[in-house]
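Trainee: Go by the hints and put chain B with the ligands onto chain A.
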Amino acid sequence: MALIELVGVCRRFRLGESEVMALADVDLAIDAGEYVSIMGPSGSGKSTLLNILGLLDRPTAGSYRLAGKDTTTLGEDEQAQIRRQTIGFVFQSFHLVPRLSAFENIALPLALAGVPADERKARVEAALAAFGLSERAHHRPDQLSGGQRQRVAIARATIMRPAVILADEPTGNLDSATGADVVRLLESLNAQGVTLIMVTHDPALGQRARRRIRMQDGRKIGDEVR
Amino acid sequence: MRGRVTARAPVKASDTLHFALRAATAYPLRTTLMMLAMAIGVAAVVVLTALGEGARRYVINEFSALGSNLVIVLPGRSQTGGFSPINAITNTPRDLTLEDAQALARLPMVKRTAPIAVGTSEAVWRGRLRDVTIVGTTPDYARMRRLEIAQGRFLPEEAPHAAVAVIGAKLQSELFGAEPAVGQILRLGDRRVRVVGVLAPFGQGLGMNVDEIVIIPAAVAQAMFNSNTLFRILIEASEREALGAAKTAAEALLKMRHDGEEDVTVITQDAVLTTFDRILSALTYGVAAIAAVSLAVAGILVMNVMLVAVTQRTAEIGLLKALGAESRTIRRAFLAEAALLSLVGAVAGFLLGEMGAWALRSFLPMLPAQAPIWAIVASLFTALATGLTFGMLPARRAAQLDPVTALMRH
Ligand SMILES: Nc1ncnc2c1ncn2[C@@H]1O[C@H](COP(=O)(O)OP(=O)(O)OP(=O)(O)O)[C@@H](O)[C@H]1O
Ligand SMILES: [Mg+2]
Numbered sequence: 001m002a003l004i005e006l007v008g009v010c011r012r013f014r015l016g017e018s019e020v021m022a023l024a025d026v027d028l029a030i031d032a033g034e035y036v037s038i039m040g041p042s043g044s045g046k047s048t049l050l051n052i053l054g055l056l057d058r059p060t061a062g063s064y065r066l067a068g069k070d071t072t073t074l075g076e077d078e079q080a081q082i083r084r085q086t087i088g089f090v091f092q093s094f095h096l097v098p099r100l101s102a103f104e105n106i107a108l109p110l111a112l113a114g115v116p117a118d119e120r121k122a123r124v125e126a127a128l129a130a131f132g133l134s135e136r137a138h139h140r141p142d143q144l145s146g147g148q149r150q151r152v153a154i155a156r157a158t159i160m161r162p163a164v165i166l167a168d169e170p171t172g173n174l175d176s177a178t179g180a181d182v183v184r185l186l187e188s189l190n191a192q193g194v195t196l197i198m199v200t201h202d203p204a205l206g207q208r209a210r211r212r213i214r215m216q217d218g219r220k221i222g223d224e225v226r
Numbered sequence: 227m228r229g230r231v232t233a234r235a236p237v238k239a240s241d242t243l244h245f246a247l248r249a250a251t252a253y254p255l256r257t258t259l260m261m262l263a264m265a266i267g268v269a270a271v272v273v274l275t276a277l278g279e280g281a282r283r284y285v286i287n288e289f290s291a292l293g294s295n296l297v298i299v300l301p302g303r304s305q306t307g308g309f310s311p312i313n314a315i316t317n318t319p320r321d322l323t324l325e326d327a328q329a330l331a332r333l334p335m336v337k338r339t340a341p342i343a344v345g346t347s348e349a350v351w352r353g354r355l356r357d358v359t360i361v362g363t364t365p366d367y368a369r370m371r372r373l374e375i376a377q378g379r380f381l382p383e384e385a386p387h388a389a390v391a392v393i394g395a396k397l398q399s400e401l402f403g404a405e406p407a408v409g410q411i412l413r414l415g416d417r418r419v420r421v422v423g424v425l426a427p428f429g430q431g432l433g434m435n436v437d438e439i440v441i442i443p444a445a446v447a448q449a450m451f452n453s454n455t456l457f458r459i460l461i462e463a464s465e466r467e468a469l470g471a472a473k474t475a476a477e478a479l480l481k482m483r484h485d486g487e488e489d490v491t492v493i494t495q496d497a498v499l500t501t502f503d504r505i506l507s508a509l510t511y512g513v514a515a516i517a518a519v520s521l522a523v524a525g526i527l528v529m530n531v532m533l534v535a536v537t538q539r540t541a542e543i544g545l546l547k548a549l550g551a552e553s554r555t556i557r558r559a560f561l562a563e564a565a566l567l568s569l570v571g572a573v574a575g576f577l578l579g580e581m582g583a584w585a586l587r588s589f590l591p592m593l594p595a596q597a598p599i600w601a602i603v604a605s606l607f608t609a610l611a612t613g614l615t616f617g618m619l620p621a622r623r624a625a626q627l628d629p630v631t632a633l634m635r636h
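Taken in order, these protein sequences are the chains called A and B. Here the working numbering is used: the first residue of the first sequence is 1, the next is one more, and so on. Here the working numbering is used: the first residue of the second sequence is 227, the next is one more, and so on.
Just so you know, these hints were derived from the structure itself, not from any lab. Cβ coordinates follow ideal geometry from the N, Cα and C atoms, glycine included. Each hint can be trusted.
Derived list of chain A stretches under chain B, where covered just means 3 residues or more per stretch with a C-beta under 8 angstroms from a C-beta of chain B:
no.: 1; stretch: 50-57
no.: 2; stretch: 71-81
no.: 3; stretch: 92-105
no.: 4; stretch: 110-116
Derived DEER-like restraints, expressed as beta-carbon distance ranges:
no.: 5; chain 1: B; residue 1: Met634; chain 2: A; residue 2: Ala204; range: 21 to 31 angstroms
no.: 6; chain 1: A; residue 1: Arg210; chain 2: B; residue 2: Leu533; range: 39 to 49 angstroms
no.: 7; chain 1: B; residue 1: Val534; chain 2: A; residue 2: Arg210; range: 42 to 52 angstroms
no.: 8; chain 1: B; residue 1: Leu533; chain 2: A; residue 2: Lys121; range: 27 to 37 angstroms
Isolated chain A (complex conformation) (with noise of 0.2 angstroms):
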């Protein structure tokens, strides 16, 4: 059984009068432990995918089963609870709260969940040290580097151990020693076992993963296994 699977999936906006179909029937199945990339123009609907994927927006039409699981019948709570439980997101701009320190932004998935204070501690030491952060922990982010925010993004996506880490241009606003870096450590995940899902413009980066779905207006146009 996939992990996940989406049968006829569409998405539509409203733009005032017209519509714009962000996403057109597309069907995809992805097993546990996959490595996969996602390219193609910009508007093509890759971010959208994404989006509907993480269970942070809701397909107009067609089904999602994530783990065997319906998620379009799913409340607004259920879908929350398999955010925090199950998905890893990292962004482009990293999005990390500015006031808190790396310590904290890295605890914040913990305390949604109601990890008790003690444990929390040990867990965000162990993912600092893990991710070369450790000397960084009380750091603010606009007391660190493009590649450090990213990794501590990396961090608080990784620190609830999900089964799916979905990274939307995460080398995006990094220079390309950097986004290399940011790249071995996701892959490094991967080889953990977490399914790595990971939109890219870099055809390079593309490359690298063993699975590479093409998108162009909505539509899925390649899907290839290396």
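Mentor: Chain B with the ligands alone, transformed into the frame defined by chain A:
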């Protein structure tokens, strides 16, 4: 799915509070503004009610100085109950006597009594003649009316039948001029009395000008007027709280002494005081209500500031949702922030108000400006309730943000 089953909205209250605290301290200007608004509102309530309460206490104190513990007995039944056939037949008022006054003085909640016999006569000294009001009473009268002696002494305790007199300040100057009055023999009608004391100027009180009276022992006065009847009996209750009990006991005792007839009227000065008390309390409530308006204004400010906060932190809210925060978690975080700011502001305002009241007390020592407990509790509670109420809309707006749209705002 590797997710564990957890309870709904598992965020701990302490975490919500801590998050709200971090958010509040991250925007010091906004936070200060909001707390200032609350603080001014609460301080206004505290200072204004302190002022109102101070005025109320001032008036009560003044009345107490005039003898607010006084119960007054008048002969005759006041016809407040309308026409009664029994009254019509039996209404022959019995005299109030010196013995009545002495019996009343023995009641447990009565501190002392003073009989008052009143008559008029002419006072003559060395050919100078003047019509005067004569008050026959006992030495306690001076204490109960808080009369002060300018020269000499008041009526002697040891000689209730002595032919002595204490005269009012004005009378002294009119009859004796510059000469010392104490020790002189004054003629009252056909009797001679020795002046033993002169009262300090007093003014109007109990329906007569104290500065123009001649005070003599009650027994002497009754003999002079050839009557056993008293004009009034003054009773001083042991304390203000015992006033009602003293009144009831006096009525019962006099009814018993007068063979079961309710032929006297007993009144308290308290009735007047109660009216004043009511008016001034209403005034305090009034200013409290006006001051509370500033709290409502503070509430509107809270709402606007929190709405700005929601707009400022839209991306953050989107992130929290992406991390799996439920709507209610976000709502609680923003509500907690509003409540926290309101409460801290309210406490600051309370301290500010207490300082203001203290300043008032220092500048106007006769006005015991002290905010009543109810006003303090109500203003703190109102501040918190206002913060929560007006924080509700922004918090709900934050909770309802669409995560995708929110995340795009960066
Ligand atoms: N909230 C929205 N309202 C209206 N239209 C939207 C909305 N979100 C996306 N769209 C439209 O849907 C289409 C797909 O957008 P999407 O963001 O998924 O593209 P993308 O592939 O991620 O592009 P990019 O590479 O520039 O990030 C675009 O035409 C976009 O304008
Ligand atoms: Mg995109």
